[in-house]
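Residues per chain, in single letters:
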Amino acid sequence: MIRADEILETIEMIDRENLDIRTITMGISLRDCASESGERSRQKIYDKITRLAGNLVKTAEDIQTEYGIPIINKRISVTPIALIAESSDDSNYAKWARTLDKAAAETGVDFIGGFSALVHKGYSSGDKKLIESIPEALSTTEKVCSSVNIGTTRAGLNMDAVAQMGKIIKETAELTKDRGALGCAKLVVFCNAPEDNPFMAGAFHGVGEPESVINVGISGPGVVQSAIKKVPDGDFGVVAEVIKKSAFKITRIGELVAREASKRLDTKFGIVDLSLAPTPAIGDSVAHILEEMGLEKCGAPGTTAALALLNDAVKKGGAMASSYVGGLSGSFIPVSEDAGMIDAVKCGSLTIEKLEAMTCVCSVGLDMICIPGKTTAESISGIIADEAAIGMVNHKTTAVRVIPAPGTDIGDIVEFGGLLGSGPVMNVNNYNNCFFINRGGRIPAPINSMRN
Amino acid sequence: MKSFITVIGHDTVGIIASIANILADRNVNILDINQTVMGDMFTMIMMVDTEKLSCQFADLSEKLTEYGKDAGLSVRIQREEIFNSMHRI
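Line by line, the protein sequences give chains Y and F. Take 1 as the starting number for the first sequence in the numbering used here and just add one per residue. Take 453 as the starting number for the second sequence in the numbering used here and just add one per residue.
Do not rely on the hints blindly, as some may be mistaken.
Example chain F residues on the side facing chain Y (calculated, C-beta under 7 Å, incomplete) [unchecked claim]: (1) Arg531; (2) Met538; (3) His539.
Which bits of chain F does chain Y cover? Going by a derived footprint, with three or more residues having C-beta under 8 Å, they are [stated by the list, open to error]: (4) 486–498; (5) 507–518; (6) 523–530.
Hint data in this document are derived by calculation from the structure and do not stem from the laboratory. Ideal Cβ positions, reconstructed from N, Cα and C, are used throughout, including at glycine.
Take the sequences, apply the hints, and build the full model.
Below you can see the structure in the form of structure tokens.
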């Protein structure tokens, strides 16, 4: 029999500490939708998505009502479109994005991910066309998210793609400048992209995934922060222990929701993504967890160590709570989506360089960072290369989602609204790197046996 | 199917009676009630059987929330599994 204090603890987590399920994401394979005719293929895609995900939103809402746990986002991820579209005679894939957008609107989901290409070792013809279509695709759709994988630990880094993505991000910013360069908030450049990530903007349905699948992303920074607050005198062993316990409880709810959703939708249960995903709401910040450990501001010396402890303890607690863990699984540090990160940037405590260091010990990378509009494509490519190198060498996923909003400069605030929040424009090192970026080719894969 | 109804707020006359009426009207059996009053703060946890519920779960949930709103209380109903999954291995 469940005790009263346990019931009240759960309710307090939901009511006061912003515990929620961040996303239920349905992965859908589109591999059977390829056709020589682009039009025919797009119709098949639309039909398949609306057929399989037609009840996704309703099911999530039912679960939310019955269990009393908020489910914030309902999303769809699909097979990277470059793999499907390249069988067709189309040369511009922006209309494929519009088909995804239409399917997302019809099913009522918040986002659809998978306007993606995997080019870590090189481009196929479809990859090339897809990447060139990204700026138009993101500027003419509402719910479509795009990602490009430019490196893996096994393949190294495709520096031609790194150079190109700097330009694509600039172009996307230009085409969506009337909306704070919002297109860039829906575009991620990955190294070691996971195939089962439920979080946007990087979600896509990998080729090794089943026909359709339910992946769930949890949240709960507020719960972890409250738990640490209760042990003000505890040493790091105690802090790690309370984080693990909180992560366990949060993840158990994720597991319950994932299993229930997959049963009701007659779809395979994929994974629970053990991520601490912040929102701009007060009490839902990863930066505040780090500060709760004893740092005056996120970014102060000790921040990377604090994050390493947090990230590891979340995984340890979460891994015990779910049978299948995957996706990004770690703490997110998206600047614009985290009230504590925003404050730390505004007061000068947190810089891009410190964020880069922090990404060595957490998921997922330089995320939702506004940079001056005048930042060159080469500088952005350099940022991508640095971040991807960290992922490649350390066998982990890293990513870059930066927003060079045209006309903005250091200290300006770019407003996105909703979960995407608002971001202070951060300083970028502007020393010239054009010669480096324009070398092209591939940075070879690292050696695995000597681990220093 | 078991669920828990939780009521939190200032104590007033007739909270349990009102909730019991809502439940009886919808064929929900009360299995257990646990209440505490600390000062004028009232907390009640009620275990109910919603197996033979005569309406949609969402309608019952909405009715309880509505009553809570009118009475200045936080009232919710949640299926048992959420607590079991979080607190029991």
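**Verdict on chain Y covering the stretch 486–498 of chain F, criterion of 3 CB contacts below 8 Å** = holds (count 4)
**Message:** Can you tell me if the stretch 523–530 of chain F counts as covered by chain Y, using C-beta to C-beta distances under 8 Å and a minimum of three residues?
**Reply:** holds (count 4)
**Prompt:** Taking the least C-beta to C-beta distance, is arginine 531 (chain F) closer than 7 Å to chain Y?
**Reply:** Result: holds, 5 Å to nearest chain Y Cβ.
**Item:** Stated coverage of the stretch 507–518 of chain F by chain Y [criterion: 3+ residues, CB within 8 Å]
**Value:** holds (count 3)
**Request:** Hold the hint about histidine 539 (chain F) up to the distance rule: shortest CB distance to chain Y must be less than 7 Å.
**Result:** With a minimum Cβ separation of about 4 Å from chain Y (threshold 7 Å), the hint on histidine 539 (chain F) holds.
**Prompt:** Close enough to count: is the Cβ of methionine 538 (chain F) nearer than 7 Å to one in chain Y?
**Reply:** Hint holds; methionine 538 (chain F) Cβ to chain Y Cβ min 5 Å, cut 7 Å.
Consistency note: the structure conflicts with none of the earlier hints.
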